[in-house]
Amino acid sequence: MNLRVELAAIDCLTLRLFDAIDEANVPWLLAAAERLRATFGTALVDLVPSYTTLMLHYDLAQLDDTQARALCQQALSGLTPALAERGREVSLPVWYHPSVGPDLEPLARQRGLAVDELIALHSGRAYSVFALGFAPGFGFMGLVDPRLASPRLATPRKAVAAGSVGIAERQTAIYPAVSPGGWNLVGRSPTRLFDPALEGFSLLRPGDRVRFVPIERDQFLRLGGDATPMEAQP
Amino acid sequence: MTALIVEKAGPQASVQDGGRSGVRHLGLTQGGALDWLAQHWANWMLGNDLNAAVVEITLGGLHLECQGEGWLALAGADLGATLDGQPLEVWRPFKVALGQRLRFASPRLGARAYLALPGGVQAPLLAGSCATVQREGVGGLDGQGSALRVGDRLAWIDEPAAVRAVPAARIPDLLSPARLELILGAQAGGFTGQSLFDAFNRPWTVDARSDRMGLRLTGEPLRYSGPGLISEGIPLGAVQVPPDGQPIILLNDRQTIGGYPRLGALSPLAVARLAQCLPGETVQLWPQVAYAAQQRHRQAAVKAG
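Top line first, the protein sequences correspond to chains B and H. Using this note's numbering, the first residue of the first sequence is number 1, and each one after it goes up by one. Using this note's numbering, the first residue of the second sequence is number 1, and each one after it goes up by one.
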């Protein structure tokens, strides 16, 4: 880790800890976020972790740029990664099926895989939540097996169903709500990812470890899933 | 209980407060009044908490009927507001009576007006805020991200803690052409020298493809030749430059992370000023250092109490 503190706005600093996407960054970023929250206290307006950075928004009424930078240095000196607590473990059931995952079969064909192999590869490892963004509760997760890596659709779909499980390059995610989207859709999860009634609003947090568990249609329906098919064409 | 009833909603009127904080790591955006300075003044006139919820009226068209009497306050754009046909002055509180009609026509100066009610607009809170974010389906009177609709009730229960007009010397200047202070960011060096010159020496036009997420400027395209970027948290006012070279100024309802190169970020004061610019208006970007911008910010801030 090599900390660089950059000015992002008159009340925001970008703390750049790494230069490349790597699952090994996650425990460092988690630990850094925890220390920054404790050090800044009420002067912290918001803290936005991403793959290699943390963006820190502080209260200009309480601190100036010099003080904020000094607090960052103080918070992050002697930082060690959060070893014991590598985020929470979350299991998400997924119904992998062409009717709700219109890119499942084309993607398997294109990568020279049987559909079952693709499903086994996608559900066969735990993923780190690098960051939440794009929409509330949308977790950018990775890294998927290189054999599944595939570019975003040339033309994004206008409406992707809530719960849709997508792959883009070496990342995977679930769309928490209906939205436009260009990821390759391979299935659907019945689990609600964002809900104002949920404790903490979002099921996923940066640093969580997520596993996808393949389920069948009847279980998907029992868990409250909406099986309305997705159109194959964007 | 006294209330305003929405008779006609207009193109975009929504409940906004100081926005959400502490939840951006969950992908929830900031939200809140785009012209936060006008919002603060609107609340100040009635002695409200400066971040209390107000009605943000974009471009006019909102018609309200008063059920009961009381003091309200208006700040920000002049949208040709009238009370029973009598023109209302902006930056002043005004008294309404039962059955009177408060109407916003169309922009005369600026784009967004802020209407404050005693004690603030009452609406369900999510993460401490009722800021309406339509894209996320949160905030607003229904808690589902809806803009104001016909039949909506904006109720208030409190007598105002104060009734006072904004001192003339403190009224923000919306008449002079907008000169927007921009603090260069860490990726500025990735833009070509010519683009850095053009950014600050050529005029930029506010594009009609603009909303509460972002406001697009059109002009001489800016060229970025630096390395590709990994998505990271983006601040309010970020000047993001997509491959077409036409900058997008990211506003309150922006996505929380993004990976386009950024020239830098507008100051919050510049964001407030930009929020009052109409499509087709010309603006100038003005390079500024953070220290000076922070000083100006503190001088312009409304003092509570």
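These are calculated hints, taken from the structure and not from any lab test. Heads up, a few of these hints could be off.
[Claimed, not checked] Calculated Cβ distances over 10 Å to all of chain H for the following chain B residues:
no., residue
1, 16
2, 20
3, 81
4, 88
5, 93
6, 112
7, 133
8, 149
9, 216
10, 219
11, 231
[Stated by the list, open to error] Per the computed footprint, the stretches of chain H lying under chain B, defined by three or more beta-carbons under 8 Å from a beta-carbon of chain B, are:
no., segment
12, 75-86
13, 160-169
14, 225-232
15, 242-251
16, 272-281
Just so you know, even glycine gets a beta-carbon here, dropped at the ideal spot from N, CA and C.
Hints not upheld, ascending by number: 1, 2, 7, 12, 13, 15 and 16
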